[in-house]
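These protein sequences, in sequence, are chains A and B. Using the working numbering, the letters of the first sequence correspond one by one to residues 1 to 314. Using the working numbering, the letters of the second sequence correspond one by one to residues 1 to 348.
Simulated from the structure, these hints should not be mistaken for lab results. These numbers come from a predicted model, not from an experiment. The beta carbon of each residue, even a glycine, is placed where N, CA and C say it ideally should be. There may be inaccurate statements among the hints.
What follows is a set of in silico ranges between Cβ atoms, one per label pair, in the way DEER data are often shown [stated by the list, open to error]:
1. A:Val-244 with B:Thr-266: 20 to 28 angstroms
2. A:Leu-161 with B:Met-92: 48 to 56 angstroms
3. A:Ser-196 with B:Pro-35: 26 to 34 angstroms
4. A:His-185 with B:Asn-166: 36 to 44 angstroms
5. B:Lys-195 with A:Ser-196: 31 to 39 angstroms
6. B:Gly-307 with A:Tyr-254: 37 to 45 angstroms
7. B:Ser-280 with A:Pro-303: 30 to 38 angstroms
8. B:Glu-201 with A:Thr-312: 54 to 62 angstroms
9. B:Lys-195 with A:Gln-203: 37 to 45 angstroms
Heads up, simulated EDC-like pairs for lysine to aspartate or glutamate below, C-alpha to C-alpha not over 20 angstroms straight-line [what the hints assert, rightly or not]:
10. A:Lys-265 with A:Asp-249
11. A:Lys-55 with A:Glu-8
12. A:Lys-241 with A:Asp-261
13. A:Lys-130 with B:Asp-338
14. B:Lys-195 with B:Glu-306
15. B:Lys-253 with B:Asp-203
16. A:Lys-130 with B:Glu-272
17. B:Lys-181 with B:Asp-338
18. A:Lys-134 with B:Glu-52
19. A:Lys-34 with A:Asp-261
20. A:Lys-134 with B:Asp-22
21. A:Lys-55 with A:Asp-148
Here's the letter readout for the chains.
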Amino acid sequence: MSNVSLNERLYRSLYRIRRVEETIAAIYSTDKIKSPVHLSIGQEAVAVGVCEALKPNDVVFGTYRSHAAYLAKGGDLKRMIAELYGKVTGCAKGKGGSMHLVDVAHGVMGASAVVGTTIANAVGYAYALKLRRKDSVVVSFFGDGGTDEGVFHESMNFAALKNLPIIFVCENNFYAIHTHLLKRHKAANLCERARSYGMPAEQIGDNDLFRIHERVGAAVNALRSGEMGPFFFECPTYRLKEHVGPGDDFHLGYRTALEADSWIKNDPVKRLAEMVEHPRRRQIEEEAEVEVRAAFAFAEESPFPEAEELLTDI
Amino acid sequence: MERLLSYVDAIREATDQEMERDPSVVVFGLDVDDPKAIQGTTRGLVEKYGPERVFGTPLSEDGMTGVAIGMAFAGLRPIHIHIRMDFLLLAMNQLINVAAKSRYMYGGQLQVPVVIRSMIGKSWGQGAQHSQGLYSFFMHVPGLKVVAPTTPYDAKGCLIYAIRDNDPVMYVEHRILHFEKGPVPEISYTVAPGKARITAEGDDVTLIGISHMQLECLRARYYLESVGIHAEVIDPIWLSPLDTETIAESARKTGRLCVVDNGWTTCGAGGEIIARVLESLQGKRELRVRRMGFAPTTCPPTPTLEGLYYPNARTIASAAYSLVKGDDSQWLPGERKDLQEIEFRGPF
């Protein structure tokens, strides 16, 4: 019974995010969306597996490719789409855009266009939680590109030094824009790096949603029961769309369609769909469609910000 | 009777009072908890508030600035300390891309109440990378407040204001100013942005001295008096937001404005101040203006060259004299022992 409900929960979140991203891609050419978009299609399983293991008062910090993390953590869908449209009803009143989604009430603490930047912010948040003896935990999402940055190493060291209640989740999609990890690292073993700072690290491959959910859930429970952090997870995954924008980019030649094949065959959305009984599955999908349509309609109908917003909240 | 405190003790007292008042205030940075305690400004704090609220950090300026911002997102009020301003260059991404922008780019959902304390070094061979006054970098960026107090009174009041402010404040100290003593009330008080301070009145020329150059301007005033020129000296205190009005009012009176910057003049605070004053007075008052600042080169440690690198009371007096008497009038006062700089001796 509990497995059925878990499957349904995970599928609901996964399917919903996929449909949001596909809808963004489908309407992008209309220029209604006033923001560059870094779609998470292909990578959603990591955010869903992690965030379904969290509670509402836990927080996540993201990257410019954070639509999935925002939605998986409970970020408001209507306000997200309105933000992409540049509308005043957006989560940042149209002043953040797709790369800076935020929903503090639901524990989404923002995202940065500058790679790796939020890792340190997440660590600082975790320090505050520990100082105040809270039992919430922090998840810091970043890509393999983020691990190139100095701030990643400084943050890992400090988080380990202070045993902070934080879980580092590297969404390793192998490419920093168009440059493969093996062209950027001599030793491409991210877990070894994490261990060298003094924290347990684990690789969970193949977009394995259930394994991610289980292992991150165990780390969350450990932190809540007073065990010392941090924890590190490397989750190899795959971005199916271009770095930024709604299209495919296999024609560019930096990667091949062949490389993507196994990821497409193993698409977690398809895999999980097969694990949910048909009438329930259909209901979940229909509910998601209704919600997505309503969110885009909300964005369409919402007004743009008035001029006074230009100089508000500086 | 007025209580005299050093600039160092004023900072220490402000920090202590705020930490006692508000448990969300935390203090950290390289060497914050070491025996020298940041020239004494953090002395006793770790003993009183414990190592969770007062701690030394790894040498990770970028990461630790990001940590400060994350703490602020969570409701803490961190004070991050850098013993030289030059080290802030390692933290520019977090300061400018995150601290300054978060309130705006998150539509008001997040705020960043952090204080970044940093010190400008001078003399005894501080050299290229221990001497830079880089506050104009931060004045350029919307979302940051910048303050450079010059007296112990303002050091305390501005720091308390900065800690309580809900936005990031760049709090700029000067190593030489640490030795200043002055009246400081024991009670808690704030010195808020919006009001520059007229530190000496005069009708002939307006001198604006930023950070340590405020002291040099006050000394220059004595040299000028010896030739019958009465300088008005103003301390802007807060550089961003800047009180243009007080400065413009003085310039309107004197017709002559000299801004002495504690940094290079190109794209500097002096240029900004003069531009604002000219904008506000155009059509109302003709002004003669002058910027002074570091020589346009890297700071040399050797004393003979270092002496030429900085403006000083005599060169300021000389520039003011030319503003008053016309460009053809050259005058450089002979050095007066009573107006010499208190010598800072090394090693640090």
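Hints versus structure:
no.	hint	result
1	A:Val-244 with B:Thr-266: 20 to 28 angstroms	violated (36 angstroms)
2	A:Leu-161 with B:Met-92: 48 to 56 angstroms	violated (24 angstroms)
3	A:Ser-196 with B:Pro-35: 26 to 34 angstroms	holds (31 angstroms)
4	A:His-185 with B:Asn-166: 36 to 44 angstroms	holds (40 angstroms)
5	B:Lys-195 with A:Ser-196: 31 to 39 angstroms	violated (52 angstroms)
6	B:Gly-307 with A:Tyr-254: 37 to 45 angstroms	violated (57 angstroms)
7	B:Ser-280 with A:Pro-303: 30 to 38 angstroms	holds (36 angstroms)
8	B:Glu-201 with A:Thr-312: 54 to 62 angstroms	violated (39 angstroms)
9	B:Lys-195 with A:Gln-203: 37 to 45 angstroms	violated (58 angstroms)
10	A:Lys-265 with A:Asp-249	holds (18 angstroms)
11	A:Lys-55 with A:Glu-8	holds (18 angstroms)
12	A:Lys-241 with A:Asp-261	holds (13 angstroms)
13	A:Lys-130 with B:Asp-338	violated (54 angstroms)
14	B:Lys-195 with B:Glu-306	violated (33 angstroms)
15	B:Lys-253 with B:Asp-203	holds (7 angstroms)
16	A:Lys-130 with B:Glu-272	violated (43 angstroms)
17	B:Lys-181 with B:Asp-338	holds (17 angstroms)
18	A:Lys-134 with B:Glu-52	holds (15 angstroms)
19	A:Lys-34 with A:Asp-261	violated (32 angstroms)
20	A:Lys-134 with B:Asp-22	holds (18 angstroms)
21	A:Lys-55 with A:Asp-148	violated (30 angstroms)
The structure fails to meet hints 1, 2, 5, 6, 8, 9, 13, 14, 16, 19 and 21 from the earlier list, while all remaining hints are met.
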